[in-house]
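Chains as they are written, first to last, in the numbering used here: chain A, 1 to 220; chain B, 1 to 220.
Keep in mind that the hints were calculated from the coordinates and are not lab data.
In this text, a Cβ means the ideal position worked out from N, Cα and C, and glycines have one as well.
Keep in mind that a hint or two might mislead.
Listing some non-contacts, in silico: residues in chain A with all C-beta distances to chain B over 12 Å [claimed, not checked]: (1) Gln4; (2) Gln7; (3) Leu17; (4) Glu36; (5) Thr40; (6) Asn53; (7) Thr81; (8) Ser82; (9) Lys85; (10) Asp95; (11) Lys109; (12) Gln110; (13) Pro111; (14) Leu125; (15) Ile181; (16) Leu208.
Here are the simulated BS3-like pairs of lysine-lysine, each with C-alpha atoms no more than 25 Å apart in a straight line [what the hints assert, rightly or not]: (17) A/Lys211 / B/Lys211; (18) B/Lys211 / A/Lys70; (19) B/Lys146 / B/Lys18.
Each chain, letter by letter, is given below.
Protein chains: 2
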Amino acid sequence: MERQFDQELNILKEDLLKMASLAEDAIAKSIKALVERDSTLAQEVIDRDREINLLEIEINNQCLKLLALKQPMAVDLRFITSTMKIVSHLERIADQAVNISQRTLELIKQPLLKPLIDIPRMAKLAQEMVITSIDSLVNKDSLLAKRIGGRDNLVDDLNDQIFRELLTYMIEDPRTIKRAIELILVGRHLERIADLATNISEEVVFILNGKNIKHPNQEK
Amino acid sequence: MERQFDQELNILKEDLLKMASLAEDAIAKSIKALVERDSTLAQEVIDRDREINLLEIEINNQCLKLLALKQPMAVDLRFITSTMKIVSHLERIADQAVNISQRTLELIKQPLLKPLIDIPRMAKLAQEMVITSIDSLVNKDSLLAKRIGGRDNLVDDLNDQIFRELLTYMIEDPRTIKRAIELILVGRHLERIADLATNISEEVVFILNGKNIKHPNQEK
């Protein structure tokens, strides 16, 4: 009985890893499509979102079944309930990649505004945050999980920089406004991905330590 | 034992209602502060976020306790696990109100760009979606919950309208760009609130019917 439960927890962890790697892949491809102005790849990201949505439903059902049949306690209970939240974060991360792809399809219709340097850099950081947050869970490394929140500031700084640069384009030439705003929104989608990765890392710390770090100093 | 469990579920529902009304109040006040250029009120929204964060932690702990001690099944199990997700949506809704207030504090430093008509209208819709989503749960009204998703389109349409109007301001006079972008972001915060209310309503349908409507036609 005990061993069967452990096996089922392992299946859950594998599915989580699979979902995280699909989400990471969606981010990478959405940015590749943006940089290379590749509408086929952008469309692929949009179409493959279905797979991630299905995995969310499947993992959720697995969790409910484990809760109902195995009545887990302490760290296992936290792991299962937090997994249900983590998969909804991963699903939203993939949604942001879909949003980026939709912006790409719009941007491709118009001439190139500028070569993209900071956006791919920001995407790389956001991607690493996603995969590290899940790695920290699988490796039970709460120190690693705690460090992820700090990376969020780097992403925010890059986003501010992108915003300010695009602002100067718009002020100099109003014909760039529409395209610049699309790129500003891509920056915000990446910022949201980093936020969601931070949410995941907070759940990981809660699973491992039973402590809420989302609102430090606010626990009664 | 059974009656004690029902009592604890009722306490959970009351806390959920309390949290939803705090979130609704935060949205209303953040928009009032924006329209009336009232920095004291904007700061109040930012400061009161702590209360909502505390409630999230408290409700989460209540849920974990119920899962561990009462081992609920079927609809009760779904209610408790979905409540853990709903409170995280409510917390994020309140965060969006904080974001709006931060934009307000920036906008107040600059001259008024234009009288705000569509943003308060959009806020009203988003607010109603939040409160209706929680009402549909408390009244076990899955039809009401299902209708909330449709209102999301109205909010998106208003947001597009706001975006296009502000775009014309920016094109005509580059000095308005900074302020216009702040208002575009307010629109996006409200859009996020409507999305989060839709997420809540999807959880409500899942609790009541055991069916996932988030990704229709995707359940295996």
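Hint check results:
Annotated as non-interface, A/Gln4 keeps its C-beta farther than 12 Å from every C-beta of chain B; the closest such distance is 18 Å. No beta-carbon of chain B is positioned within 12 Å of the beta-carbon of A/Gln7; the least distance is around 21 Å. A cut-off of 12 Å between C-beta atoms confirms that A/Leu17 is not in contact with chain B; the least separation is 20 Å. No beta-carbon of chain B comes within 12 Å of the beta-carbon of A/Glu36; the shortest separation is about 27 Å.
For A/Thr40, the condition that its CB be more than 12 Å from all CB atoms of chain B holds, with the nearest at approximately 23 Å. Not every Cβ of chain B is farther than 12 Å from the Cβ of A/Asn53; the closest lies at roughly 4 Å, contradicting the non-interface assignment. Not every CB of chain B lies more than 12 Å from the CB of A/Thr81, the least distance being 6 Å, so the non-interface label is violated. A cut-off of 12 Å between C-beta atoms contradicts the statement that A/Ser82 is not in contact with chain B; the least separation is 9 Å.
Non-interface status of A/Lys85 relative to chain B is broken: a Cβ of that chain comes within 12 Å, the nearest being about 6 Å off. Residue placement check: A/Asp95 does not keep its beta carbon more than 12 Å from all beta carbons of chain B (closest about 9 Å). Distance check on A/Lys109: its Cβ is at least 17 Å (rounded) from any Cβ of chain B, clearing the 12 Å threshold; non-interface status holds. The claim that A/Gln110 is not at the interface with chain B holds, since no C-beta of that chain comes within 12 Å of its own (minimum 14 Å).
With a minimum CB-CB distance of about 17 Å to chain B, A/Pro111 clears the 12 Å threshold, and the non-interface call stands. Distance check for A/Leu125 against chain B: the nearest CB is about 21 Å away, which clears 12 Å, and the non-interface claim stands. At roughly 7 Å, the least C-beta separation between A/Ile181 and chain B is not larger than 12 Å, which violates its mark as non-interface. The beta carbon of A/Leu208 sits about 15 Å from the closest Cβ of chain B, which is more than 12 Å, so the claim that it is off the interface holds.
Of the pairs offered as hints, the one joining A/Lys211 and B/Lys211 is violated, with about 32 Å between alpha carbons and a cut-off of 25 Å exceeded. The straight-line distance between the Cα atoms of B/Lys211 and A/Lys70 is roughly 22 Å, inside the 25 Å bound, and the hint therefore holds. Of the supplied pair hints, the one linking B/Lys146 and B/Lys18 holds, its CA atoms being roughly 22 Å apart against a limit of 25 Å.
Checked against the numbered hints given earlier, the structure breaks hints 6, 7, 8, 9, 10, 15 and 17 and satisfies all the rest.
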